[in-house]
Every structure is written in structure tokens, then in C-alpha cells.
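Engineer: What follows is the residue order along each chain.
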Amino acid sequence: EDKVVQSPLSLVVHEGDTVTLNCSYEVTNFRSLLWYKQEKKAPTFLFMLTSSGIEKKSGRLSSILDKKELFSILNITATQTGDSAVYLCAVAPAGTYKYIFGTGTRLKVLA
Amino acid sequence: DTGVSQDPRHKITKRGQNVTFRCDPISEHNRLYWYRQTLGQGPEFLTYFQNEAQLEKSRLLSDRFSAERPKGSFSTLEIQRTEQGDSAMYLCASSLGQGDEKLFFGSGTQLSVL
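Sequence order for the protein chains is Z and W. If you count by the numbering used here, then the first sequence holds residues 25 to 135, one letter each, in order. If you count by the numbering used here, then the second sequence holds residues 931 to 1044, one letter each, in order.
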């Protein structure tokens, strides 16, 4: 059965720290992987990683995809209190339209 | 364009009642998804539309759940004979398709079944 596992489940850091969030997956014929940030209601899009785009960066956030080892990481450098949120990873198997989400990592950044 | 819009934001109902939620996707997006999210969990796929055609439905979706997308624009999700286990956040998302698969989510409808 296709599945996505995120770790850690929760994380508390201080402002300025660097964090690494993990997402491992087992899906049939991987198509793409998405990272989202969910603060209160609507998840907001961060990155999309595919076979043709295995590394993405935007400001203090960056992500890589390792298709051989079946995982992705999301790095946040110089964390700020505004980074506090749940970070969700989702993977799309080929031959289906759905994305399978992990349970998320709850990040809390203390001032 | 104001993004994906969902209505109502909150719904409280008694067990056994029927409820209907509405989703208005981003106007040029032809792909529309419904997800359900409970506390501490990631969103769980319910169903997918491409234009007006419902192309995929979760095996977990009971026959009390039905979704439509007439004319390929807004979509409705109806739950009949609600149960307490249906209490959750119901999220709608849309995407452009055509190689751009980023999902854009609405703020969701929080359903509480008493």
C-alpha cells in the first residue's frame, strides 16, 4: 500500500536555528512530491519536486528529493516565529490523480 | 482571482442529517479535489474531478458521500445521514493541470456532527 511517513512528528526550536524535516515514501511509480505549510486552515504550497527537478530553493527554505532512497527533506535556515506551522509532504503515484499526504511535522519556533 | 473559496466555513449538524458543502475553484483550473482532514492527520483524498467528470474516488468513501461538479465549475460535496465519525475539516483544492500539478487549497469547511 502506498504510504508517506514524515519525521519528526513535532519539533521545538529557537529563532535562528536551522531545521531539517524528513519525508519518506513508498509509492507505486513515483510521479511528484509536494511540500505544504499549514498554519491554520488552508495548506499553502511551498515546493514541487519531480524527476526533472530534484532540488528547489526559495529564500530560507530549500528541499531536495532522493529518488533512489525514496525520501525528501525540507530545510529551513535562520528560523523565525512565523515559520511555526505544520509542514505537510504529499506524494503522487503514477496512474492516479490523488496525492497521498503524510501526517505532517508540527514546528514551533520560540522567540 | 481570490483563490479557492469554500462555503460554509463551519457547519454543526445533528447525527442523521444531510449536509452539503460548496467549493469554487480558481477560475482557470480544470482539476478539482476534495480532501478530508482530522486533527493531527494529513489530508485524506476523497475524490477528483477533471472538468465535470469525476475520474477518481477513494475506496474509503462510503455511499453516503456524493460529489458533483456540474458544468466543470463549482463543486458540491454532500454527506447523507451524517455520523459522528464524519466530523472533520473538508478541504477543496484545485490545480491547473496541463503539467502544472500544484494544488491550491481552500480554507475548508469544519463539520461537527453532534
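Since the hints were made in silico from the structure, they are not lab data. Please read these numbers as outputs of a predicted model, since none were measured by experiment. Don't take every hint at face value.
Among the chain W residues that face chain Z by a calculated CB cut under 8 Å, a handful are [said to hold, decoys possible]:
| no. | residue |
| --- | --- |
| 1 | 970 |
| 2 | 975 |
| 3 | 995 |
| 4 | 1032 |
Keeping only pairs whose Cα atoms sit at most 30 Å apart, straight-line, the calculated DSSO-like set for lysine-lysine is [as the list claims (entries may be wrong)]:
| no. | chain 1 | residue 1 | chain 2 | residue 2 |
| --- | --- | --- | --- | --- |
| 5 | Z | 81 | W | 987 |
| 6 | W | 944 | Z | 132 |
| 7 | W | 941 | Z | 64 |
| 8 | W | 941 | Z | 65 |
| 9 | Z | 27 | W | 944 |
| 10 | Z | 80 | W | 941 |
All residues carry an ideal CB built from backbone N, CA and C; glycine is no exception.
Engineer: So, for every hint listed, does it hold in this structure?
Structural biologist: Quick rundown of the hints versus the structure:
1. 970: holds, 7 Å
2. 975: holds, 4 Å
3. 995: For residue 995 of chain W, the interface hint is violated, since the closest Cβ of chain Z sits about 15 Å away, which is over 8 Å.
4. 1032: holds, 5 Å
5. Z:81 x W:987: violated, 34 Å
6. W:944 x Z:132: At roughly 36 Å apart (the allowed maximum being 30 Å), residue 132 of chain Z and residue 944 of chain W break the hint.
7. W:941 x Z:64: With a Cα-Cα distance of about 17 Å, the restraint between residue 941 of chain W and residue 64 of chain Z holds, given a limit of 30 Å.
8. W:941 x Z:65: holds, 15 Å
9. Z:27 x W:944: violated, 34 Å
10. Z:80 x W:941: Distance ~39 Å between residue 80 of chain Z and residue 941 of chain W Cα, so the pair is violated.
The earlier numbered hints that this structure contradicts are 3, 5, 6, 9 and 10.
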